[in-house]
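Oh and the sequence shown: position 25 is 25 in UniProt numbering, straight run, nothing missing.
Take the hints with a grain of salt, since some may be wrong.
[Said to hold, decoys possible] Here are the simulated DMTMM-like cross-link-like pairs (lysine to aspartate or glutamate), alpha carbons at most 25 Å apart as the crow flies:
1) Lys338 - Glu348
2) Lys63 - Glu284
3) Lys43 - Asp92
4) Lys582 - Asp321
[What the hints assert, rightly or not] Have a look at the derived ranges for each label pair, beta carbon to beta carbon:
5) Asp321 - Arg404: 50 to 60 Å
6) Ala291 - Ala313: 30 to 40 Å
7) Ser523 - Ser104: 45 to 55 Å
8) Lys501 - Pro371: 19 to 29 Å
9) Val342 - Met520: 32 to 42 Å
10) Ser523 - Lys473: 31 to 41 Å
Hints in this document: simulated from the structure, not taken from any laboratory.
Where a beta carbon is used, it is the ideal one built from N, C-alpha and C, also for glycine.
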Amino acid sequence: MATHQELPVFDHLALDFNKGGPRRAFMEGYFQGLGLWNADRVKEIRELCMEDVCTRLAAKSVKRVGQAYFEYYVDKKVWYNILGHANIPFEDHPWPSSRSEMPSLADLSEGASWYYQDWRLRKWSRPESQGESSKAPKSEASAKDRVTPGPQTQPAVAAETSQKSPAVAKDTVVRCDPSIPFASQARWRAAAAETARQSSVASAAPKPVLGQQAERPLGGQQAYGIGSSIWARNPPAEPKPPAELNPPAEPKPTADYSADVSKVTSSIAEIFLDVAAGKSAKKEKEKEHVAADAEEANAKAKRLYQKQQDAHAVLEEELNDIANKRFDIRSQKIAEAKAKAVADGCPEDDWQHFEEFDDRKAINPMNEPIPVRHDFGVNEVNWTGPMAPNPEYLEDIWDDLHLRKYRVGPICGPFEIALPKWMDFHDLVLGNDGSLFDMIEDEGLIDTDVMITWSVGNHGPISLIVGPKPTRKFDSQDKNQWLRVRNTWMKVGEWVAGVYKGHPHRLTDFLRYRQQQEIMGVSFMSLDDVVSLLVRLWDKISEDEEKAALEAQITREDLDLWIPQIHAILGQEYEYASQIAKAWVFRDGSNEIQRLRAIEYAWALFEPVQAYEWACKVQDEVFGRTN
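With the hints as constraints, model all of the structure from the sequences given.
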């Protein structure tokens with residue numbers, strides 16, 4: 001097996017792992033990354049696993065099993081068989097999904113398993129003891145070896161002719177073809193049984209045994225023994241007494257196997273009716289899901305379109321206000337230039353020579369679409385995150401870094417932080433089809449050997465987890481990796497603390513901005529401060545979850561109103577945008593910090609250094625006015 005230090009990442013974030021197609025595509029990609037994928041070999045393994053699963057289900061007297069459960073069970077066995085053949089420890093590459101997420105045995109959303117039903121049919125129609133009917137009973141002693149005392153004038157008849165009328169053997173194989181309509185099954189089986197019976201009648205006639213002479217008719221038989229020697233004189237013929245005419249024995253009636261055929265037919269009917277019912281239920285359920293999904297998607301699309309129209313109206317209103325502000329700023333600049341000209345002993349008309357130019361272009365091009373978001377909490381998320389790091393590795397790193405004292409409050413496990421139920425996970429982390437979350441890796445916002453994932457509960461994601469990437473080889477002695485895991489976890493913890501406060505900033509935007517701040521040499525909160533903040537805020541929102549959820553929703557709705565205003569401001573050249581943005585922060589005389597953070601993060605998407613330097617100056621002024 002080839003050794004791969006760097007393995008590609010195969011996230012099943014944007015797919016349902018309980019679906020066979022996406023799950024097997026994930027398996028193929030994952031084992032290709034490990035250098036273990038051989039399509040022919042995997043096909044053989046899968047066939048063996050399917051037989052094994054059928055045997056296990058039959059041993060538990062399972063008559064019907066859902067297609068989703070059967071395929072999931074088989075794929076899981078294939079996963080561990082591939083690892084087992086390569087002598088790779090299972091704990092290094094565990095099954096990517098938890099046991100609680102396995103489909104139910106009775107889940108018929110995809111119908112009943114055709115393979116298991118066919119397997120049961122094959123087992124039902126197989127003889128109980130293969131080949132017993134073909135074994136002829138041995139005679140106690142052959143005629144050739146039998147010793148008869150004294151001279152014989154008439155040999156004994158060795159072959160025994162059965163007086164019983166032959167019938168179809170009980171163990172005759174009568175198979176069922178699932179492609180034949182069920183209404184024809186009884187007639188088909190009856191015809192097969194009659195053919196087998198006639199074959200048995202033909203084979204019941206006495207046949208010569210290998211090594212023995214064929215039995216002659218009684219009238220043409222010769223005596224054997226001493227008197228039958230070719231050198232002996234033939235004895236005189238004696239008159240034969242007339243043969244007694246015995247009436248032939250009445251043949252026994254043909255055995256009636258209609259009950260057995262009826263039993264088999266009834267069982268087949270049960271199986272096929274179950275399959276048909278499962279498929280019908282599946283189709284109806286799929287129709288309902290499709291209709292409900294289409295209706296929900298249509299409602300979301302209409303609502304988003306309405307929000308976009310409202311945003312454009314707000315944008316136009318803001319642009320009109322900005323035009324007036326630009327005129328005021330321009331007039332002030334001309335006045336300052338004239339004053340400098342006069343101070344320098346020049347006439348006012350020469351003010352253009354004293355004007356300070358700022359050639360910095362617009363921060364946000366106006367042709368960029370307005371980043372309108374869906375309503376708060378409208379998109380539910382039930383997907384599991386990418387394959388989680390090995391729990392044992394997380395425990396080891398946690399202990400080696402002496403972090404056990406931080407297992408408090410929302411820190412629910414090694415490098416794991418709890419999330420509030422009301423959090424809009426789709427908007428803040430995932431994005432449409434996982435597009436936002438994918439940016440974390442695509443843009444290299446965290447270390448390449450570290451990953452972020454999440455666990456899912458009854459109401460969606462319940463925690464974020466940071467750890468070593470499971471698709472890369474783990475070195476338990478790599479202390480630098482320990483520190484990289486801890487540093488990434490601290491960043492995630494600081495962002496989660498903002499979520500507790502109701503901040504609407506996305507994880508991707510936070511990590512991107514934080515990366516730029518690290519390059520700039522900005523100092524951040526210590527681990528003690530991050531954990532202390534998390535615990536304090538978690539306790540606060542736990543006291544009144546409804547209040548915390550309402551505050552987060554209000555903050556988000558404020559952002560929905562501010563987004564088009566910020567978009568219009570950042571569409572101006574820097575010399576105008578910086579001043580108009582500052583005035584916007586203090587516009588209403590309240591929520592200055594919240595407004596400042598909203599425009600800072602929007603600005604940082606395009607010019608992070610400018611955004612940070614500008615925000616620091618405005619923040620000092622905010623605190624100065626407050627004090």
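Outcome of range test on Cβ distance (Val342, Met520; 32 to 42 Å): holds, 41 Å
Given hint Asp92 paired with Lys43 - CA-CA distance at most 25 Å: Distance ~24 Å between Lys43 and Asp92 Cα, so the pair holds.
Consistency of beta-carbon spacing, Ala313 to Ala291, with hint 30 to 40 Å: 34 Å Cβ-Cβ, so the 30 to 40 Å window holds.
Hint consistency between Lys63 and Glu284 [alpha-carbon to alpha-carbon, up to 25 Å]: holds, 23 Å
Verdict for Lys501, Pro371 (Cβ pair) under range 19 to 29 Å: Once the Cβ atoms are compared, 21 Å apart, the range 19 to 29 Å for Pro371 and Lys501 holds.
Verdict for Asp321, Arg404 (Cβ pair) under range 50 to 60 Å: Taking Cβ atoms as reference, Asp321 and Arg404 lie about 55 Å apart, which means the hint holds.
Pairwise beta carbon distance, Ser523 to Ser104, judged against the given window 45 to 55 Å: holds, 52 Å
Restraint check for Lys582 with Asp321, where alpha carbons must lie at most 25 Å apart: Given pair Lys582, Asp321 holds - Cα atoms ~14 Å apart, limit 25 Å.
Cβ separation of Ser523 and Lys473, checked against the hinted range 31 to 41 Å: At roughly 34 Å between Cβ atoms, Lys473 and Ser523 fall inside 31 to 41 Å, so the hint holds.
Lys338 paired with Glu348 [C-alpha distance capped at 25 Å]: It holds: about 5 Å lies between the C-alpha atoms, which stays within 25 Å.
When the structure is compared with the earlier hints, no violation turns up for any of them.
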